[in-house]
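Protein chains: 2
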Amino acid sequence: MSGLFGQLSNKSGRKKSDLDEAVSFSEHNKGMATLTLPDIVPSPAHDSEALKKAFDGLATDEKAVIRILGHRNARQRRKIRETYQKLYNESLIDRLFSELSGEFGKAIILWTFDPPERDAKLAHDALKMCKKGVKHLKIIVEISCASSPHHLMAVRQAYTSLFDCSLEEDIASNVSPRLRKLLVGLVSSYRYDKEVVDLVVANLEASKLHEAIKTKQLDHDHVEWILSTRNFYQLRATFESYKKTHGNPIEQDMKTCRSGNLETLLKVVISCLESPEKYFAKFIKDSVVGLRIDEDSLTRAIVTRAEIDLMKVREQYQKLYKTRLDDAVVDDTSGDYKNFLMTLLGAPI
Amino acid sequence: MSGLFGQLSNKSGRKKSDLDEAVSFSEHNKGMATLTLPDIVPSPAHDSEALKKAFDGLATDEKAVIRILGHRNARQRRKIRETYQKLYNESLIDRLFSELSGEFGKAIILWTFDPPERDAKLAHDALKMCKKGVKHLKIIVEISCASSPHHLMAVRQAYTSLFDCSLEEDIASNVSPRLRKLLVGLVSSYRYDKEVVDLVVANLEASKLHEAIKTKQLDHDHVEWILSTRNFYQLRATFESYKKTHGNPIEQDMKTCRSGNLETLLKVVISCLESPEKYFAKFIKDSVVGLRIDEDSLTRAIVTRAEIDLMKVREQYQKLYKTRLDDAVVDDTSGDYKNFLMTLLGAPI
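If you read the protein sequences in the order shown, they are chains W and D. Reading the first sequence from the start, the letters are residues 1 to 349 in full-length UniProt numbering. Reading the second sequence from the start, the letters are residues 1 to 349 in full-length UniProt numbering.
Please keep in mind that the hints were generated in silico from the structure rather than gathered at the bench. Think of the CB as a built atom: it goes at the ideal place given N, C-alpha and C, for glycine as much as any other residue. Hints are supplied without guarantee of correctness; some may be wrong.
Where chain D lies over chain W, by a calculated footprint (3+ residues, C-beta under 8 Å) [as the list claims (entries may be wrong)]:
id : segment
1  : 168–178
2  : 188–200
3  : 222–232
Okay, derived cross-link-like pairs now, DMTMM-like style, lysine to aspartate or glutamate, Cα gap no bigger than 20 Å in a straight line [said to hold, decoys possible]:
id : chain 1 : residue 1 : chain 2 : residue 2
4  : D       : K208      : W       : D170
5  : D       : K132      : D       : D170
6  : W       : K338      : W       : D61
7  : W       : K132      : W       : E263
8  : D       : K135      : D       : D296
9  : W       : K208      : D       : D170
Pulled out of the complex, with its shape left as it was, chain W reads as follows (with noise of 0.2 Å):
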């Protein structure tokens, strides 16, 4: 047979490459996870129930909800907020809205959440927000440059159900052209998952890069494509050989072209693409530093880490600063909210 399908009685239709040591996204990250789950996890029903005790009491447990919520999955918590509902029929997210206040109810709202809806609610946040400076399109460039392809497939997908128009429609009303390109480049990304590296094309790529830079267009579309469609180790692998070749590393080369937000921005695509557990160790760090705290940055950072990789993350913020991240979050916050923190960070069931 021929023709229509040359591919089609392929066996297993793969081509022979460096399949072999293929490492995917989240094999990378396995074991990296911070938080503790319990050796023998509670059935749905029995948490929904001991967290409805919890919010009926006098005053509500805070230390009963973190117990419960604070040491179970994304899967576990979807299961808890589903059977929640159907024995009280009201929304776990809803009570706990009414029961908690502060830094704490925000953080462990947030927590609740499905992971895609959460990232989707965040990026929605980000883009009413972005008219105030463009640190808050920084929540888009996270998700899409330090997440599992399939995660920002599923981001996408809770986007359109949840604000009834796509993620892109809404970077197109809110942000600058200049901005929207990258931005939409980026959201609709699906990175090869496996450890798969071309150097000629790494080579390649980093001369366009560095033509781009040179020539003061970091609008170019070659840019916006290569960083939007190559997998992570390919682009560390361009990032390498841009630096053996030019000199400098790629964002101090990026400085010359006084580029403004979109350099800001194209920096962080680089950092979380180079090594998100570096982005965000500097990440957390920024968010303590300084006279009042950013808990809200702090908070998305250990509540959108502690299932894939903030063991990592933790590691590189003692290797940067020469002191422990866990000693930051306690020094720096108080009450339910340094327990819950504390909690995400694997302090012990």
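Starting from the known structure of chain W, arrange chain D on it as the hints suggest.
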């Protein structure tokens, strides 16, 4: 609570809009499949045994193969594939490949694949052939513009699993830069899947499309962005607004650009977005006219639409050509190939 969580406390998170009247892609096509299923569907084990028996006789029992696989939906076929593999330690697809030949073999194998995997393979083959003519790229436009957003995502996932790179990367390696941007945009799309139309946006974007045509810039970012982002219903309103304001259907005005292959592909894009059933009715007609029928196209159209909207395609065919689509298939095909296509067209079990 405020700040980070502006939306998070919102009960449903939905904006109040036309949502009550919203109709999803799959809802819209409900009941429009031609595939017929038996009242009582045998178990996958029973089907697998019957298929094995059909293969193991002195000659393959093609009628039995059609009777079984031609009356099972995608989910049922997947279960049969899995069960067959477990029971006999061989791939059903491989066995079909060795037992069957010619157009019938190709058609039944295409049908037996999981739809996302099937389309990923068709796209892969198309990219290998695209140097021989732009017509091969039509399949990529069809998958992007005449599928549900969920299906398109599944095709991208299947593509990376099968071919060690993303569909977008293979498009970039095989397709000229002028067509690349459009195709990458289209395959990366995740269109909002409900009937929500903003007429102000439709008028505005009709003007942008007109401006691009007037200045002969069919490769303008606006054209790519509008066609690869907006939902089906919104785009139909845009095309209507175009015709109303500028006098001609957009496809007709595009001719003045003399943009060669880009124009050819854009016409397919617009046809698929405007009315997939009309597009496929014409596509089938084109495949059966002339001295020699184009079986690859005929097979592809019937196999890929039998579970989606082949009933509507048939109605359109009748409307456009005043003849029956089924008669065209009966007149121009023969043997098991004809029997199988007629089965997918709804011939009784």
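Could you work out which earlier hints the structure fails to respect and list their numbers in ascending sequence? The structure breaks none of the hints.
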